[in-house]
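Undergrad: Now for the letters of each chain:
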Amino acid sequence: MTSCAIVRSQRSRRGPRLEIRDASEARPMTNPTDQILIDVAAGKPAAVEACLRHFTPPVWNIARRYLHNDSDAEDATQEIFVDLWKSADRFNAELGSAMTFVMTLARRRLIDRNRKRGRMPTAHSLSDAQELAEDRPPDALELTDEVSRVSGAMQELRPSQREVLELALVHGRSHQQISDTTGMALGTVKSHARRGLMRVRELLGVKPSDSGGDA
Amino acid sequence: MSAAHLTRLEELQADDAIWGVDAVTQQELADTLGSVDLEGDDSWERSAALLTIAMQNDTPSEPSPALMNALRASAPMPLPEAPVLHRWPQPNIILAAALLTLSVVVWWTSSPLTENGIVAPQALRQELMQVAGTAVWDWSGGDPVGDVVWHGPSQRGAMTFRDLPPNDPKRRQYQLWIVDGKRDAAHPVDGGVFDMPTGQSEVVIPIDPKILVHEAQAFVVTVETVGGVVVSDREQIVVLAKPQ
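Chains as they are written, first to last, in the numbering used here: chain C, 1 to 215; chain H, 1001 to 1244.
Source of the hints: derived by calculation from the structure; they are not laboratory data. For glycine and all other residues, C-beta sits at the position ideal for the given N, C-alpha and C. A portion of the hints provided could be inaccurate.
[Said to hold, decoys possible] Below, computed lysine-lysine pairings styled on DSS-like, alpha-carbon distance capped at 30 Å:
hint, chain 1, residue 1, chain 2, residue 2
1, H, LYS1242, C, LYS86
2, C, LYS86, H, LYS1182
3, C, LYS116, H, LYS1182
4, H, LYS1170, C, LYS86
[What the hints assert, rightly or not] Going by beta-carbon spacing under 8 Å, a handful of chain C positions derived as facing chain H:
hint, residue
5, ARG64
6, THR104
7, ALA193
[To be verified] For each label pair, taking beta carbons as the anchor points, the in silico distance ranges come out as:
hint, chain 1, residue 1, chain 2, residue 2, range
8, H, GLU1062, C, ARG115, 56 to 64 Å
9, C, ALA41, H, SER1064, 41 to 49 Å
10, C, GLY187, H, GLY1181, 41 to 49 Å
Same shape as in the complex, but just chain H (with noise of 0.2 Å):
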């Protein structure tokens, strides 16, 4: 490598920790990488951060609660750990069976986690609606009929939808958005997207916004293309639920 290919390479490498580079310079960085079989360098980037890291020589702002909760409700939830199965002496072997599947069974019906450690749609929204703030709001305008509940402290919610069309989800899914008060309304949060399967008459599918909602004023399902659209063209608007 000239000294000049290696000077530009670094420059390019600085650019980019510090700056970051556009689509066209990122490309620029790829190929000199690439023409001296070189990978990409991440000292760059570990400098820039330990350099920022020593910079931030003020005392940090305490992030909001709402932030905080947004971030709890972000996080990996834990698994339920296993049932432990002890030995029993051989003539209570049975007993022990039939209690432990008695327990399983009240585990079950009782617990909100599913075995994938996540908080079944039903009993979330069943926990929802014994805590203090949680908004419950209808769906307008008919079929399909349902509501959503939201609690904004823990940004958790649920939507339940009663003969809302199935979708062909190789073709097209629904897509939840959030009218945040406090941000333009042109730009809802994405809520996700689900299916609603054929067969059934009623779901209940889960609101997990992984962009803080700061002040819930509607929810909104569209119908969009296949793994949903950052900007929806609000074409195909199916239901919509805001305060009465």
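Excised from the complex, chain C in its bound form (with noise of 0.2 Å):
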């Protein structure tokens, strides 16, 4: 009896753009969260547990967010894995956070499948205004300074802004489910987003990395 090695079918596939180059200086010591990576990338067997016990939860949750789906979101979890064993040596720990690394990753693939399928994901039964006026308590993510300067930078962004932003980037809405949603013209919904995201990442000082492109 003899074996053979399967070949996997070869996908276009987009890769993020990874590095994260912030105004804030350079950190002195790597922490944990990131150290996982640079394991992961040096083929330490113990960090592909804590990568998964990690990472797995927050990829999930915008997942299943953004495609409405559990079935999809399930799906795109394990692309977005794939690619992060793919690309994990790609991460410095130097220009930005894990998550931050990870959650660029994230995004684009979700944004891929949206576009794959063919299709924005069906409206939400729950009243998208009405969810984000409600005031919640902090996640039970890990608050990074990366996190916490991004959460201070959004309060400098007008409600409407942070409303729009909020509707595209964490529950995947197209413009036009947007200004569905909020009433707005399809116009006002791109120049909302479109100019929020330019004031963070003037606040932010967020700099092209070295690479620039695409991965």
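These two chains come separately, so use the hints to put the complex back together.
TA: Written out as structure tokens, the structure is:
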């Protein structure tokens, strides 16, 4: 009896743009979360389980919220981690947190997935505007310095900009769906989102990485 | 770059980071960047990612154990450590060499790992056969014969074929499809492509779907173009295995 190695189908994959470089000073020490990804890239077996424990909940959470379908979210989560195994060696802890690296990769994959299936997610039954207006407690995610600074920057945004960005980034809504949900004109939705993101980028001083575009 | 040009460039980059842009707009973005001799600016995507993290202000739900197992199965497997050679006193060299050779043979024949850290298909099959909950389904319809061994919780399995006709890997390849009871039957899970070498009567091929299979209901092998297809027309179904 002999064995054959299975050959995976090749699929097009647009890699994430991954390195993070903020205006803040370089970190003097690598934090434990970042170390997990560094260890994954180094091929340390124990790091895989730590990586899954730490990053699966937020990735799974954004996938569910973005895709509004558990089955699609599970597929997307797997695709994101397959990408992560392949690209962990591109993570640079001096340029940004591991969580941001993972979320950049996850968002790119979710956007690609929505685009491939040729439709945006179906509207949520819950009123998005009402949901967003609720004041909720801080999340269970680790609040890194990086995220804390973003939270501060978010306070600088106009409420309408924040609302549009949250619907787009967290809930995966298209501009048309946001327009339908909020009653804003389509052009206003785009304008709020663009200006909001520009403002956050400016406030955080996020600069392009050396590598620039696609990984 | 004119102010209008710059504004348009920033709009395109922001749109791409927030929603992604279609192929036409992607080309416009690339052309605009190229016209000013710039590469893609990843700071937009990173800003969007940072905002996404900060805005996820609810308690994350727990992924299912099946998903966690599938993620573990997709992780790169650790390489086995190379045997460590110790210096022995001169009179013991021959004995040491013999012992080392014997230990390597024992390790090789007992370990399910190959030198690449990949579980050998035969060993994988044997291992799964010992695990509770493993399903074993025969291929139906005569030649080729064999079976499928599948363990859902770990998302691992192996196919055995006897007398599967060899394929020309430059022209055609076999492709596995897994029908999932929790998915649309018209869109089975792609199990990857594989080859049947000439001169072999029996092969064992590992199953390693990168997409979670919730409830395997059937395994189907088709003949497809090299590299496989995303959606099979199912014109050339070779074998099928499902519960009897």
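Undergrad: Give a verdict on every hint.
TA: Now for the hints, and whether the structure bears them out:
Only pairs whose Cα atoms come within 30 Å are accepted, and LYS1242/H paired with LYS86/C is rejected, the gap being roughly 34 Å. Taken as a hint, the LYS86/C and LYS1182/H pair is honoured in the structure, with Cα atoms around 28 Å apart against an allowance of 30 Å. Using a Cα cut-off of 30 Å, the hinted pair LYS116/C and LYS1182/H holds, with the two alpha carbons roughly 21 Å apart. Distance hint between LYS1170/H and LYS86/C is fulfilled; the C-alpha atoms sit about 27 Å from each other, no more than 30 Å.
Residue-level restraint check for ARG64/C holds (minimum Cβ-Cβ distance to chain H is 7 Å; threshold 8 Å). Annotation: interface hint on THR104/C holds; nearest CB of chain H at approximately 4 Å, less than 8 Å. Nearest Cβ of chain H to the Cβ of ALA193/C: about 5 Å, under the 8 Å cut. The hint holds. At roughly 28 Å, the beta carbons of GLU1062/H and ARG115/C sit outside the given window of 56 to 64 Å.
The hinted range of 41 to 49 Å is not satisfied by ALA41/C and SER1064/H, whose Cβ atoms lie roughly 27 Å apart. One distance hint, 41 to 49 Å for the beta-carbon pair GLY187/C and GLY1181/H, holds here, with the actual separation near 45 Å.
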